[in-house]
Amino acid sequence: MSTETRKELMLTKRPMAPANSKINTENTALDTITSIDDAGKDVSTMGPARKSKKFRKHTGPLMKAVDMALPGVALHTRKLLHVYAKDNGQVDLKRFPREHHCRVQVQLLAIDLNRGIKSFDLTYVVVREGLENLWGLMEYSKRDDPRSAGILGFQTEKLVLAIEQIAALLEDYSNVKPTNWIKVAELFQKEAYACSQHSVPYVPAKMKYFKLDKLLGAGGFGAVYKAYLGNVVCTVKFVPCDRLLEPKYACMDKLVACMANHPFVVKYYACFATKQAFVTSMEYIKGCDLNKVLIMAVYFPEKITRIIIAQLGDALAHMHSKGFIHRDIKPANMIIMNGCRIKLIDFDTAKACIGKYVAKAQSTFNWRTAFEFNDNEVAGTMPYFPPECCPLNPHMNNLYGRSMDWWAVGVTAFQLATGRLPFHNFRSEHELKTLINSGQYVWPNDRAFSAPLVQFVAELLTVKPHERLCSKSYSDFRSHSFFCALDWQMLATADFLKDFHTINRCMTRTNAGYSPVGSPEAERRRFALFPHQILDTTDHSNLYTYCSPGFCRAVAEIKAGNSPTKEMITDPLEIADDVDWSYRFEDL
Numbered sequence: 102m103s104t105e106t107r108k109e110l111m112l113t114k115r116p117m118a119p120a121n122s123k124i125n126t127e128n129t130a131l132d133t134i135t136s137i138d139d140a141g142k143d144v145s146t147m148g149p150a151r152k153s154k155k156f157r158k159h160t161g162p163l164m165k166a167v168d169m170a171l172p173g174v175a176l177h178t179r180k181l182l183h184v185y186a187k188d189n190g191q192v193d194l195k196r197f198p199r200e201h202h203c204r205v206q207v208q209l210l211a212i213d214l215n216r217g218i219k220s221f222d223l224t225y226v227v228v229r230e231g232l233e234n235l236w237g238l239m240e241y242s243k244r245d246d247p248r249s250a251g252i253l254g255f256q257t258e259k260l261v262l263a264i265e266q267i268a269a270l271l272e273d274y275s276n277v278k279p280t281n282w283i284k285v286a287e288l289f290q291k292e293a294y295a296c297s298q299h300s301v302p303y304v305p306a307k308m309k310y311f312k313l314d315k316l317l318g319a320g321g322f323g324a325v326y327k328a329y330l331g332n333v334v335c336t337v338k339f340v341p342c343d344r345l346l347e348p349k350y351a352c353m354d355k356l357v358a359c360m361a362n363h364p365f366v367v368k369y370y371a372c373f374a375t376k377q378a379f380v381t382s383m384e385y386i387k388g389c390d391l392n393k394v395l396i397m398a399v400y401f402p403e404k405i406t407r408i409i410i411a412q413l414g415d416a417l418a419h420m421h422s423k424g425f426i427h428r429d430i431k432p433a434n435m436i437i438m439n440g441c442r443i444k445l446i447d448f449d450t451a452k453a454c455i456g457k458y459v460a461k462a463q464s465t466f467n468w469r470t471a472f473e474f475n476d477n478e479v480a481g482t483m484p485y486f487p488p489e490c491c492p493l494n495p496h497m498n499n500l501y502g503r504s505m506d507w508w509a510v511g512v513t514a515f516q517l518a519t520g521r522l523p524f525h526n527f528r529s530e531h532e533l534k535t536l537i538n539s540g541q542y543v544w545p546n547d548r549a550f551s552a553p554l555v556q557f558v559a560e561l562l563t564v565k566p567h568e569r570l571c572s573k574s575y576s577d578f579r580s581h582s583f584f585c586a587l588d589w590q591m592l593a594t595a596d597f598l599k600d601f602h603t604i605n606r607c608m609t610r611t612n613a614g615y616s617p618v619g620s621p622e623a624e625r626r627r628f629a630l631f632p633h634q635i636l637d638t639t640d641h642s643n644l645y646t647y648c649s650p651g652f653c654r655a656v657a658e659i660k661a662g663n664s665p666t667k668e669m670i671t672d673p674l675e676i677a678d679d680v681d682w683s684y685r686f687e688d689l
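In our numbering, each residue's number is its place in the sequence shown (first place is 1) plus 101.
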């Protein structure tokens, strides 16, 4: 193991309780959103052909004018929002993953509205886009999980009724067409009732559906097997019941599993419990840990780096739109297959954020890329941390957001292209933090690097998060000159992208795809964890229970006496662009 690899492993951080969980609502930089009104542009309701300059009736922060016009309403609304945020954000083992994620989205919007009211920075754009977004999530969820969609609808109805007076005055003072917020609440209620009528019982998976083939690896975390579900090859991971993290973190990969569905993100089939362990079934990936390939190759040619980073960026954009920050982007958390196809893995340190569930540009989603949280939570691997997540002053409360993942993409791109980390000459954690906060790094002088690559990395490794690539618009990633010759459609659909012989060498050495080859030592570790046969149970925690639609189809086929196929268990992948400009509640 190289010195840099050891340093990286030593500095890997798992989720920790925040040092100061109190949210600072005084300095949230919501001036950025206020400037939308100041510029007079209603971007939430106007397409390119409809933009026109408007002038609001009041000067200064609109929320101050609203507060004066509605004495006591702002304080009462804040109390209601606080209650909704607390109720929806609590970790309840009786809630299923999709329901919990939907409730967390309500919680995050309630917190954001509350913060905006207190700091007098709330605008009608934040309210409109936030509620449109929850409508989009409800529409998305009702296809596979109408029960969760119904719960989301009822919770959002309460949110609309709590904010409707303030929202109406914000629209009036901004001189835009008013929204009938009472009808919006009724619309959410009507849709929620319709969804609740179509709810179906949730049936957990069972171990008896799987046939274990061979042990791929075992360690302190548990054991991983290659297995079969009918004719479908998959992996099955066992984690001992007594080694699970606290629920807030243990449920994160289940939340990602129930929302993410992308060609560059590993697909989860099922999560469930047995008497001895919690079980996760995923697609079987015949590939290698990207970090192992990098160690063997020393560095990647630029054309290979481009293909890998393009896939990583698309995977991240998908995760962010579904409401998750990965927080541990690095080569070790990617699997690369023959032909340079990659899969992003390991969502244990992910964090829920406000997603984007509508097929339209949202100014608030773009703004939150850099600034959404200031809770001091720490998770991930420090050499990939951005400056805002490792301040030199430990008492400093820095704002951070999804842009922390884009910084890590820059670190990864540099590492793949050069074979080393951009911030590498450090002897202590403090020295590493100093290097990261300086933003200064040097490219090796033993070979040439293209100007687009150098510029691409520089724009990602920008110290100020609001100036970082993708902080203004996610479209800036694909349109960057580094990807000027890339066929994005082929990237998303082709099985084979580029030949790279080092991948083949690495796979030949491991002889078991991306996982370690079975060994007597691995078998001994497995036996120490699970000395007895894994047995099914009827005692399930809903929060740790998930079955994909494809897995449900496969189980139905097994129960019918047939053998499911790969085509049957595969769900249609989601690759969407922003195509809509209309305001969802415009005609109410």
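Accuracy of the hints is not assured; some may be wrong.
[Claimed, not checked] Once the Cα atoms are required to be at most 30 Å apart in a straight line, the calculated DSSO-like pairs of lysine-lysine come out as:
hint, residue 1, residue 2
1, 278, 291
2, 315, 404
3, 667, 376
4, 327, 291
5, 259, 312
6, 278, 667
[Claimed, not checked] Computed spacing ranges between beta-carbons, pair by pair:
hint, residue 1, residue 2, range
7, 183, 295, 25 to 31 Å
8, 188, 439, 29 to 35 Å
9, 595, 283, 14 to 20 Å
10, 347, 689, 41 to 47 Å
11, 528, 172, 22 to 28 Å
12, 169, 192, 46 to 52 Å
13, 170, 582, 30 to 36 Å
14, 187, 687, 30 to 36 Å
15, 496, 173, 33 to 39 Å
16, 555, 439, 40 to 46 Å
17, 528, 590, 22 to 28 Å
18, 187, 639, 30 to 36 Å
Just so you know, the hints here were simulated from the structure itself, not pulled from any lab data.
If you're wondering where the values come from, they're calculated on a predicted model, not measured in any experiment.
We put the CB at the ideal spot given by N, CA and C, even for glycine.
inquiry  = Of all the hints numbered above, which does this structure not satisfy? Sort the numbers upward.
reply    = Numbers 2, 4, 5, 6, 8, 9, 11, 12, 13, 16, 17, in rising order.
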